[in-house]
Amino acid sequence: MHSDFIDFDPSYCSNERDVESKLIVQYLLPKLGYSQDSWHQQVVFKPGFRLDFVAFFKKITRSTIEQESSFYGIVIEAKHPNEDVDDHTLQLKKYLKELMGRSVY
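If you want the numbering used here, it's the 1-based position in the sequence shown plus 149.
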């Protein structure tokens, strides 16, 4: 990874909303090459199962998400800057398992 890729100052984030708006939306998704029409925020896949961000390599709509059974993209779950992301490994595994063949509500 190039050193110029990591030019975000984490001190800009003081809570989970800052992580979502400042790190993920304004910095990470554009740096990874995702345009505004290729990702969605707060996607509900079933009651009680909400993903913070889902990004795809092509323009995609919520209705397209509902119709297709598989996608190539990324899932991003935002956490408070002081949280240890290792503590959320089981949550990530659960999300990935639930995503297999599920529809969006």
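There's no promise every hint is true.
[Claimed, not checked] In silico DSS-like pairs for lysine-lysine, Cα to Cα no more than 25 Å straight-line:
hint : residue 1 : residue 2
1    : Lys228    : Lys242
2    : Lys171    : Lys228
3    : Lys228    : Lys243
4    : Lys246    : Lys171
5    : Lys195    : Lys242
6    : Lys228    : Lys195
7    : Lys246    : Lys195
8    : Lys243    : Lys195
9    : Lys195    : Lys180
Source of the hints: derived by calculation from the structure; they are not laboratory data.
The hints, checked one at a time:
1. Lys228 - Lys242: Holds, at roughly 16 Å.
2. Lys171 - Lys228: Holds, because 13 Å separates the two Cα atoms, which is no more than 25 Å.
3. Lys228 - Lys243: Distance ~16 Å between Lys228 and Lys243 Cα, so the pair holds.
4. Lys246 - Lys171: Status violated; Cα separation ~28 Å.
5. Lys195 - Lys242: Holds, at roughly 16 Å.
6. Lys228 - Lys195: 21 Å, holds
7. Lys246 - Lys195: Holds, at roughly 13 Å.
8. Lys243 - Lys195: 13 Å, holds
9. Lys195 - Lys180: 30 Å, violated
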